[in-house]
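K.L.:
One-letter residues, chain by chain:
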Amino acid sequence: AQSVTQLDSHVSVSEGTPVLLRCNYSSSYSPSLFWYVQHPNKGLQLLLKYTSAATLVKGINGFEAEFKKSETSFHLTKPSAHMSDAAEYFCVVSNAGGSSYGKLTFGQGTILTVHP
Amino acid sequence: DVKVTQSSRYLVKRTGEKVFLECVQDMDHENMFWYRQDPGLGLRLIYFSYDVKMKEKGDIPEGYSVSREKKERFSLILESASTNQTSMYLCASRDPGRGAFFGQGTRLTVV
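First to last, the sequence lines map onto chains A and B. At position 74 of the first sequence the residue is numbered 92 (our numbering), and the sequence of numbers has no breaks. At position 109 of the second sequence the residue is numbered 219 (our numbering), and the sequence of numbers has no breaks.
It is worth saying that the hints were derived from the structure and are not from the lab. C-beta atoms are modelled at their ideal positions from N, C-alpha and C, and glycine is treated no differently. Do not take every clue at face value.
Partner residues aside, some chain A positions facing chain B, computed with beta carbon under 7 Å [to be verified]:
id: 1; residue: Pro58
id: 2; residue: Gly61
id: 3; residue: Ile129
Derived contacts from chain B toward chain A, CB cut-off under 10 Å, selection only [to be verified]:
id: 4; residue: Ser117
id: 5; residue: Pro149
id: 6; residue: Leu153
id: 7; residue: Glu166
id: 8; residue: Thr219
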């Protein structure tokens, strides 16, 4: 079985300040982990992915995430928020084996608001 | 670029109607998925398919069925639409180990 929990439903930051979106996962097998972003009235876009290579993953638009197996976490960060980062973000886990192989499980989403 | 195309952006159907949502991908991906997206609930998996004629239930399959007769096409069927199936429906395709590519979504309203 696999599951993912996004610890904050809403995060609000000021432009130019750091962003931290938290994600914890559970997985019976070596997981692949992803972050997706969805801007208002837009489709889902892949930000970054972890698939058992380097634990610090860099994505698009200055975002990065660190896989921490001991903490079962995959938090998303960005050093300096931009107004265009305002969107909803989803953490996603996928197992590498077992009956749920290939299945993507989404977190509930975190809405990021960026203030001027 | 990978393209995942859903046949309709908006649909309005009556309670009890049979509804077909079509999804086509052009990258020869093995895996295809149907999700529904509701505020505060994220994306929930309805059904997924590993290959042609292969399907597995996701987390919320009740009231839905699927069809995958060709590799590029994955159809979601609402046998008898109900108002609680009003939602945004998203189709995705991927190869295992890679991120998924999503369609633009179909906003279905059942009245």
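K.L.:
Now tell me if each hint is right for this structure.
P.N.:
Now for the hints, and whether the structure bears them out:
no.	hint	verdict
1	Pro58	violated (12 Å)
2	Gly61	holds (5 Å)
3	Ile129	violated (10 Å)
4	Ser117	violated (15 Å)
5	Pro149	holds (9 Å)
6	Leu153	holds (4 Å)
7	Glu166	holds (8 Å)
8	Thr219	violated (16 Å)
Of the numbered hints stated above, those contradicted by the structure are hints 1, 3, 4 and 8, listed in ascending order.
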